[in-house]
Amino acid sequence: MTLQTPYRRWYFWLPALLVVLGVTVPLGYLLARAAQADLAQLDALVWRARTWHLFVNTTLLGMGVLAVATLLAFPLAWLTTRTDLRGRRLLTLLGVLPLAVPGYVMAYVLLATTGDYGTLARLTGLGVPRLGGYPGALVALSLYTFPYLFLNLRAALAGLDPALEETAQSLGYTPVQVFRRVVLPQLRPAFYAGALLVGLHVLGDFGVVSLMRFETFSYALYLQYNASYDRIYAAWLALMLLVMTASVLVLEARLLRGLLFHRTGAVPARAAAPAELGAWRWPAYGFAALLTLAAVALPVLTVGYWMLHSDAASAWGDLGAALGRSVLASAPAAGVAAVLALPLAYLSVRRPSAASRGLERIAYLGYATPPLAFALALIVFTLATVPAVYQTLGLLVFAYAMHFLAEAIGPVRSALYQAPPRLEEAARGLGRTPLRAFFAATFPLLRGGLLVSVAFVFLSAMKELPLTFLLSPIGFETLALGVWGYSNEALFGRAAPYALAIILFSAAFVGLLLSQEGGAAKRAGPPAKQGAALTASG
Amino acid sequence: MSALLTVTGLTKRFAPAAPPVVRELGFAVEEGEIFALLGPSGCGKTTTLRLVGGFERADAGRVVLGGTVLCAPDRHLPPERREVGLVFQDYALFPHLSVLENVAFGLRGLGRKERAVQAREALRLVGLAGYEDRAPHQLSGGQQQRVAIARSLAPRPRLLLLDEPFSNLDALLRQATRQEIRAVLKRQGMTAVLVTHDQEEALSFADRVAVMRNGQIEQVGTPEAIYHAPRTLFVAQFLGRTNLLLAEADGREAETPLGRLRLDRAAAGSVLLSLRPEHLTLEAPAPGETAGRVVERAFKGHDITFRVEMDGIEYLIHTHNRMPFQPEDAVRLRALEPAVVLESQPVPVAPAEAVPSP
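Residue numbers (this note's numbering), protein chains in the order written: chain S, 23 to 560; chain E, 61 to 418.
Hint data in this document are derived by calculation from the structure and do not stem from the laboratory. Even glycine gets a Cβ: it sits at the ideal position worked out from N, Cα and C. Possibly wrong hints are sitting among the right ones.
Every beta carbon over 12 angstroms from chain S, so not counted as near; a handful from chain E, in silico [stated by the list, open to error]:
(1) Arg-83
(2) Arg-141
(3) Tyr-151
(4) Arg-168
(5) Arg-211
Covered by chain S, according to a simulated footprint, are these stretches of chain E (three or more residues, beta-carbon under 8 angstroms) [unchecked claim]:
(6) 144–150
(7) 154–165
If you only want the chain S side, here are some residues facing chain E, beta carbon under 7 angstroms, derived [as the list claims (entries may be wrong)]:
(8) Thr-141
(9) Leu-186
(10) Thr-189
(11) Tyr-195
(12) Thr-196
(13) Pro-207
(14) Glu-298
(15) Gln-413
Sequences are here, hints too, so could you generate the full structure?
Here is the structure:
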């Protein structure tokens with residue numbers, strides 16, 4: 023294979039190589055390491071009842087979360103796009119706001135609310151059994167992840183051409199039949215896309231299952247890492263987690279095959295006539311109110327209560343230091359990710375080829391890899407090759423950058439689509455070298471996109487838990503680790519200020535996400551793919 | 061022949077305070093006739109179509125189809141029970157179904173086999189046999205259009221509604237598709253109502269055309285009648301370019317800036333006349349005669365468009381492609397047909413010059 027022209031230049035091949043190696047080498051090493059187990063050992067490690075137990079639990083949790091998330095997301099998406107319900111904009115916000123409460127914060131909230139020492143018992147004396155295990159993990163993850171389904175379903179519902187439904191009606195189908203035979207089949211791609219995000223979240227989750235003590239692969243990996251540190255068994259657990267993730271990705275691709283529905287027009291000419299709810303609006307409001315209470319009000323109230331009624335004050339002092347450490351790791355990661363994203367996005371937009379598509383896939387692979395498995399792979403790899411790097415800030419920054427790179431590529435790519443390639447060619451024609459032409463003509467137009475990339479990665483890294491948990495230097499307690507650590511010890515008051523800080527950073531992330539999606543919808547340009555990629559962040 | 065579709069006093073407002081989009085509209089369509097509603101955007105033609113289809117509720121008026129009341133003050137038959145087919149501008153093919161499944165979609169209450177047989181028959185009818193297993197997006201625009209027609213025709217509706225069905229096709233394809241679809245509808249004896257803003261489309265596709273403006277019909281007639289004898293200034297201008305002349309009528313003749321002209325009907329006093337560009341021709345002026353001056357000559361192959369200035373007024377003339385006059389030549393304008401007397405409505409601007417409408 024000959025090297026294509028762009029890859030001869032250092033500013034293309036160097037970042038490309040870094041990304042490819044950064045993502046694949048640790049995972050490859052993990053694979054090699056796991057393969058070192060001899061067959062008898064393998065038999066004892068993998069083919070045992072515990073593996074089956076973990077597999078069933080992980081699957082049950084994934085299916086359960088998907089079911090609950092669908093039950094929450096679908097009615098909300100329908101109410102906000104297809105009915106005459108008042109306050110649809112507010113309800114739309116409600117469908118997105120829960121993203122501001124990451125799973126582990128939601129788990130903290132649920133733990134701090136229920137049980138003998140929970141808020142409910144303290145305020146009302148009502149002894150609600152402490153939420154934990156499967157139900158706890160199910161509720162926390164569903165409330166956090168349903169917005170991913172909501173956003174996808176909502177966009178699909180709003181984008182359906184009403185002419186399709188009217189045609190079906192004119193062909194003799196009643197509205198209910200039209201819904202079942204025309205509307206639902208067309209929501210399938212959006213549902214699969216949303217379900218994929220939910221599935222990846224459940225598989226990648228560490229905070230919720232560890233706080234709720236529910237035995238999934240992630241939780242077992244954590245226990246293994248914490249207790250005995252049997253590297254080969256840990257590697258195998260990570261590997262099995264990776265296999266499950268890969269299966270989900272393959273399943274989605276399979277289901278989506280042949281489902282890429284093409285439309286003649288990009289945007290429907292008109293909106294569908296809204297369904298008149300009549301008296302049904304009261305149950306609809308009830309549903310919305312319950313959801314608001316559980317997903318938004320409860321976290322805010324819980325955090326507020328524990329800040330006021332406990333030893334929260336003692337945590338304030340450490341909070342500043344933890345914030346500083348979070349920024350210290352997240353800010354450089356955001357910079358590195360943006361710098362790597364720029365050449366990658368450029369190659370994908372201006373030099374589309376099998377190579378550039380492959381590069382992008384690898385970036386998405388780093389994103390889809392469960393962070394716990396990725397972190398473990400990095401640990402195993404660095405300990406074996408450059409032990410000096412182990413438990414350094416540099417490794418943590420590198421892990422963040424690799425994991426969140428996909429988030430950084432999206433905005434740069436959409437900015438590139440807006441920048442006419444002719445500008446650069448004009449600059450070349452006026453005697454600039456390629457690099458100079460790029461910085462003179464195109465780069466000024468990308469600044470906004472780059473800024474968004476930096477912000478996305480920064481905010482994501484601020485709330486990232488599993489990578490931080492495994493890779494941070496000893497004593498390097500960040501905001502996310504603070505919430506998790508204090509919650510794990512049932513020190514709800516001490517966890518409260520950290521949880522508040524995380525909620526604030528996550529809310530900023532959601533705000534940025536919404537402004538981007540709004541802008542993208544207005545431009546209706548080609549980078550529609552970006553939205554789905556961005557919503558995959560956690 | 062009797063009217064299959066009768067619309068009377070149809071009125072629709074989108075908000076109680078807003079002016080009606082369709083006001084007291086009435087027309088009738090004969091069995092087997094292709095009827096066009098022609099008008100600029102916002103004239104209420106699509107709303108009229110959607111009222112007939114049952115996708116909007118009328119505020120007043122009746123729609124009767126072959127003895128069945130579709131819509132009346134106390135009645136609104138839902139679209140699925142109207143037996144009215146519908147073809148949209150963007151065809152609205154179901155992307156999750158194959159071509160055959162799309163066409164079979166409306167064939168209800170039949171066995172699986174019978175549905176497939178009838179759907180194949182409908183596809184053959186529109187010349188798409190062999191495309192059954194394709195996905196809609198694999199077809200060209202014209203083919204998608206024909207699938208949409210086949211899908212609407214398959215359940216044998218009593219009436220077919222076509223909403224700007226050809227405007228997504230490029231110009232070349234549009235003309236051919238139009239003629240093919242017209243032939244299919246005629247062969248089936250299908251009654252159809254077409255909505256369009258394209259005058260050429262309405263004139264070439266329909267048996268009768270209704271020109272709409274502000275929610276009302278200004279004129280109904282055969283394509284020839286409304287083109288050659290527009291009743292109002294609006295109809296005259298909407299159907300093509302025309303020369304407007306302010307004249308003093310006296311029976312079947314009138315004194316105009318072009319001299320004394322014959323009229324299509326008797327009139328008296330100040331009138332506004334319309335003369336189509338192709339109803340004028342150029343001649344060499346007799347010596348001493350007041351002549352016009354050729355301002356511009358555009359050779360277009362099968363005809364020539366001249367702009368001629370005379371007494372400060374500009375005229376538009378389409379002639380055959382051998383007309384020899386060049387810019388700056390002195391010419392005389394001669395009418396080949398009687399001028400059309402337009403109904404004296406409040407004339408928007410004093411036509412100090414002939415206004416070539418777009």
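For each hint, the structure was consulted:
Every C-beta of chain S lies more than 12 angstroms from that of Arg-83/E, the closest at about 22 angstroms, which supports listing it as non-interface. For Arg-141/E, the condition that its CB be more than 12 angstroms from all CB atoms of chain S is violated, with the nearest at approximately 8 angstroms. Here Tyr-151/E does not stay apart from chain S, with its beta-carbon only about 7 angstroms from theirs, under the 12 angstroms limit. Against the 12 angstroms criterion, Arg-168/E falls within the reach of chain S, whose nearest CB is about 5 angstroms from its own CB.
Chain S draws Arg-211/E into its interface by the beta-carbon criterion, the shortest separation being 7 angstroms against a cut-off of 12 angstroms. Using a Cβ-Cβ cut-off of 8 angstroms, 6 residues of the stretch 144–150 of chain E lie near chain S, which meets the minimum of three, so the contact claim holds. A count of 4 residues in the stretch 154–165 of chain E with a Cβ less than 8 angstroms from any Cβ of chain S is obtained; the coverage claim is therefore met, three being the minimum. Residue-level restraint check for Thr-141/S is violated (minimum Cβ-Cβ distance to chain E is 48 angstroms; threshold 7 angstroms).
Interface restraint check: Leu-186/S against chain E, minimum CB-CB distance 5 angstroms, threshold 7 angstroms, status holds. A hinted interface residue such as Thr-189/S counts as satisfied when its beta carbon comes closer than 7 angstroms to some beta carbon of chain E; here the least separation is about 5 angstroms, so the hint holds. Interface hint status for Tyr-195/S: upheld, as the beta-carbon distance to the closest one in chain E is roughly 6 angstroms, under 7 angstroms. Look at Thr-196/S: its Cβ gets to within about 6 angstroms of chain E, closer than 7 angstroms, so that hint holds up.
At a threshold of 7 angstroms, the smallest CB-CB gap from Pro-207/S to chain E is about 4 angstroms, leaving the interface hint in force. Residue-level restraint check for Glu-298/S is violated (minimum Cβ-Cβ distance to chain E is 12 angstroms; threshold 7 angstroms). Hint status for Gln-413/S relative to chain E: violated, with the closest Cβ pair at about 52 angstroms, above 7 angstroms.
When each numbered hint is compared with the structure, violations occur for hints 2, 3, 4, 5, 8, 14 and 15.
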